[in-house]
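Participant: The whole structure should be built from the sequences, with the hints applied where relevant.
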Amino acid sequence: MRFSALKRDERAGYEGHIVPASSLLEVAKALRDEDGFDLLSSVTAVDYLTDNEEEESFFEVVYHLYKSTGGGAEVLRVQVPRENPVVPSLVELYPGADFQEREAWDLMGIKFEGHPDLRRILMWEGFAGHPLRKDWKEVYFEEEAKPFGNRWPGGQVYRVEDQNPYGKNNQYPDGFDPESWVETEDPLLYENLEKAAREYTEDIDTEQVVVNLGPQHPSTHGVFRMAVRLDGETIVALKPVMGYLHRNHEKIGERNTYIMNMPFTDRLDYLASMSNNFGYALAVEKLMGDKVAPPERAEYLRVIMAELTRISNHLWAIGFLLNDLGAFFTPALYAIEERELILDIFEATAGSRMMCNYFRFGGVARDLPAGILPRMKDLVNERLPRKIDELDLYLSENELVRSRGEGVGIITPEDAIAFSATGPVLRASGVPYDIRRADPYSIYDRFKFDVAVRYHGDVYDRYMIRVDEMRQSLRILKQALKDLPEGEILTGHNPYQVRVPAGEAYGRVEGPKGELGYYIVSNGKPSPWRYHVRAPSFINLTILEKMCVGQKVADVVVNLGSIDIVLGEVDR
Amino acid sequence: MTADLILFFGLAAVAIGAALGMLLSKNAVYSALFLILNFATVAVFFLLLGAPFIAMAQVAVYAGAIMVLFLFVIMLLGAEQLLTSHKSGWQRPIAILLTLVLLVESIYLIFGRGRLLSQVAPVASDYASPEAIGELLFSRYLLPFEVTSILLLVAMVGVIVLIKKPKANN
Amino acid sequence: MQIETALLIEWVVKSTILIFALLTGFAYTTFYERRLLALIQVRIGPNRTGPFGFLQPAADGLKLIFKEELIPANAYKFVFILAPILTVIPALIIMAVVPWGGAIELFGRQIALGLTDINVAILYLLSVASISVYGIVLAGWSSDNKYAMMGGLRSSAQMLSYELSLGLAFVVPILLAGSMSLNQIIEAQRGVWFIFYQPIAALVFYIAMLAEVNRAPFDMPEAEQELTAGYHTEYSGMKFSLFFMGEYMKMIAVSAIFATLFLGGYRGPFVDTYPLLGPLYLFLKVFLSLGLMIWIRATLPRLRYDRLMAFGWKILLPLSILNVFVTAVIIVVFGL
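Chains as they are written, first to last, in my numbering: chain A, 1 to 572; chain B, 1 to 170; chain C, 1 to 336.
Among the hints, a few may not be true.
Claimed, not checked - DSS-like cross-link-like pairs, simulated, lysine-lysine; straight-line CA separation at most 30 Å: (1) C:K146 with B:K164; (2) B:K164 with A:K552; (3) C:K77 with B:K26.
Since the hints were derived computationally from the structure, they do not count as laboratory data.
Facilitator: Written out as structure tokens, the structure is:
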């Protein structure tokens with residue numbers, strides 16, 4: 001690297017470069033403009049807190065940068081002291097850093113200088129402290145790491161509450177009274193909304209109203225809230241509000257052992273648990289090295305399950321996008337009918353329809369049961385192609401679908417990349433970026449398939465790209481089912497505990513909703529030191545405001561539906 | 001005949017009450033509602049007088065279309081509440097004076113000058129039938145009819161012109 | 001005096017029959033809709049209450065009666081309570097001028113099947129239709145809720161836009177029959193139904209009437225995906241079910257009017273010999289029209305609000321004006 005400021009990270013198991021906070025902007029700009037690292041995949045922070053007197057405690061902000069033309073990552077790290085940690089904000093260069101920096105501020109307490117709207121994003125206003133810091137202890141804190149100690153030593157049962165080292169440990173920020181607090185009085189949110197509204201010029205002077213779409217609303221796909229300012233039916237400004245379903249997945253994940261996190265990832269995007277498993281398994285396997293390289297059959301099973309998940313997810317997404325358009329459940333129910341057949345296969349194989357918990361480090365948990373393979377072949381070769389054609393035939397050319405979708409919520413390719421959109425949202429804008437091709441993992445390099453891409457970037461194209469992707473997934477499935485070899489499904493035995501050497505790894509897969517990444521830092525202990533999820537639903541929402549401003553209320557709902565979010569993954 | 005009279009006086013009371021309600025209520029939406037009630041009772045008067053066409057037109061056009069527009073505008077502007085501080089000292093006495101003049105005039109015309117009411121000739125049974133009205137509109141009153149259409153057209157164009165701000169302002 | 005009493009009894013009995021028919025019709029239209037939607041959506045639908053689920057409407061009604069009635073703190077209480085009533089009344093009275101059959105002999109008296117036959121029946125329909133929007137507008141305004149308000153505003157704008165086309169579609173059967181009385185319009189369709197003479201007018205009428213009763217794809221005022229429930233967001237219990245009742249009774253009423261204007265009303269084979277067949281034919285036609293409405297709801301996505309207005313003003317209205325013009329010219333030229 002030509003920057004004198006850059007220093008190669010010398011720690012064992014780490015890659016990338018350490019940048020001083022002062023030259024971060026300069027380095028990032030050069031990387032983006034000269035080297036083509038235009039896609040900021042993940043921004044997160046790690047708390048390197050140590051009890052050791054000789055070592056220094058510090059925060060490290062980690063940036064994973066990729067090229068939208070494909071290839072490996074450039075990892076940048078900024079190390080800042082634990083007291084008053086300030087890092088320059090990358091929002092100007094990469095607007096996609098917006099929510100991720102807010103998340104890092106919320107959960108880790110790192111200030112991003114120059115961020116236009118640095119508010120809490122997942123926690124509520126009445127929350128004291130930053131939960132992902134290693135010295136933060138939650139309400140009724142028990143122990144640092146699982147498995148917790150015996151609660152009935154010697155047959156004597158005790159209440160957890162009596163044994164907490166910190167007692168109830170319930171804290172509020174200074175001057176905050178939970179009894180008198182009213183959520184609608186969220187001055188920061190509405191100030192920002194007004195600021196955005198001022199930039200919008202209007203034709204007639206009419207009164208603008210603020211409407212909160214959500215958190216209880218039929219078409220926000222869960223407890224998601226959009227505070228919008230309306231001029232008549234036109235959106236003047238929009239701010240997404242999330243975190244209603246926040247459970248601090250990452251903090252819990254850092255307390256769990258590695259293998260305990262596998263079923264826990266199911267709960268992120270609960271419509272695509274197989275893909276979630278896949279990403280997590282890849283990240284941990286990267287850390288553990290070659291001794292857990294999955295056997296051939298397991299690799300095939302992984303790909304088969306991931307692609308089936310993609311189809312079932314897209315069926316759901318299309319069905320409910322049509323529902324958002326006002327088609328009263330008919331397309332959704334026809335789509336769900338096919339999804340059920342896929343879930344049957346999951347149930348037969350993994351034992352559960354949605355919370356599959358199927359992947360293991362070094363393979364998969366169970367082999368296919370007898371008799372399921374012909375059913376899968378029948379489904380993939382006969383039924384699904386026919387049904388997808390049927391869906392395409394009835395929906396794609398519908399006059400109302402076209403008129404509601406075409407030209408609505410347009411995302412330009414430049415914007416899509418800058419806002420870190422991934423998955424179908426990015427590819428519908430004409431950027432053929434699919435991790436299965438751009439940075440191949442598992443055995444995807446063996447299969448023939450095309451990266452589906454559409455060029456208008458509107459709602460209709462985001463619908464069509466899902467139809468295209470289902471067809472490509474079927475192509476992969478046909479090849480995989482034909483070539484599926486016999487043999488082992490797991491390297492070694494199925495352990496209760498895995499030993500993960502110290503280091504870091506970023507494992508990412510092309511999930512149905514976009515790039516699903518797991519950033520894991522290990523210090524050799526049974527639990528991960530840092531466990532971060534790069535959730536595609538969450539980051540794809542960054543562009544929502546830009547998509548919606550200037551459009552009608554009805555379009556907001558459709559735009560949101562076309563991004564395809566699952567709140568379990570947004571709020572984590 | 002007595003039944004008709006009872007109906008008439010009952011309705012008259014409702015109509016006057018509704019008119020007063022419209023004038024006196026502080027809330028513009030309530031005023032509009034009273035006006036609708038008033039229109040409806042007037043429509044029933046027309047029915048009593050044997051003019052169903054006019055009665056229906058009264059309901060469809062005034063109570064139906066025009067008042068919906070009124071309500072629409074009141075709600076859109078959020079102008080339900082009248083400003084109580086807005087008082088104009090000179091309007092009230094003049095209004096009362098003019099009302100009195102009108103009242104005296106009407107009483108004089110109806111009861112004083114040879115009892116006008118009794119001199120109204122009984123009307124033919126098809127006096128206000130759709131056919132008769134259509135005939136009149138397109139023959140004797142053709143010019144006023146067409147002029148009215150042009151007036152409405154002008155109003156419509158005017159509204160569009162007023163709404164469109166000149167581009168230079170933006 | 002004797003005859004007047006008999007006449008009075010006749011009217012009371014007929015009104016009662018009509019109201020009961022509408023109320024039962026409302027209850028079973030919801031059931032019909034749920035079962036037909038389920039059929040279209042590869043589901044089963046309600047089939048547990050009574051044989052084939054026939055008691056489901058009763059169960060629904062009971063449930064709604066026992067629901068808690070909520071009135072928002074800042075609502076305009078009087079109007080808030082008035083609004084659902086204003087929605088139901090037009091739906092109840094609009095059927096008064098629609099004949100359900102020819103005349104029958106009963107107790108030595110000639111009794112017309114139908115409440116009344118007035119020579120301005122069409123105008124009556126139009127005026128009742130035009131006041132039916134008040135319930136929705138006032139509900140939206142009085143609820144003190146932004147979704148409800150937007151629903152109310154949408155419905156008034158939508159009604160104004162579609163009423164014109166509806167009125168012009170009424171004109172065509174008037175021209176063809178040369179009368180505003182529904183009985184004479186039905187008589188004029190003795191040979192061929194008007195839908196075959198005037199498919200465009202029938203189409204315009206059907207579209208405008210879907211908009212008039214806020215059925216999909218014109219259900220803007222209660223667009224669930226955008227406005228949660230639109231104008232009746234804040235309503236619960238019986239007040240909510242009154243809105244429901246209004247909507248479904250209006251569906252039945254406009255279907256009956258459509259059948260009368262374009263499908264020959266109660267006319268059908270042998271109806272002159274057996275006048276009691278008249279109500280049956282009308283019922284069948286209404287049933288089919290309702291089925292079509294439900295089918296449309298199950299199939300089509302919703303239009304966007306601005307497109308809906310554009311469609312009403314830029315396509316439907318010019319089309320219906322042209323249609324009326326052409327029809328009138330043909331009638332004058334060929335002296336039909």
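Participant: Each of the hints needs a verdict: does it hold here or not?
Facilitator: Each hint, compared with the structure:
no.	hint	verdict
1	C:K146 with B:K164	holds, 27 Å
2	B:K164 with A:K552	holds, 20 Å
3	C:K77 with B:K26	holds, 16 Å
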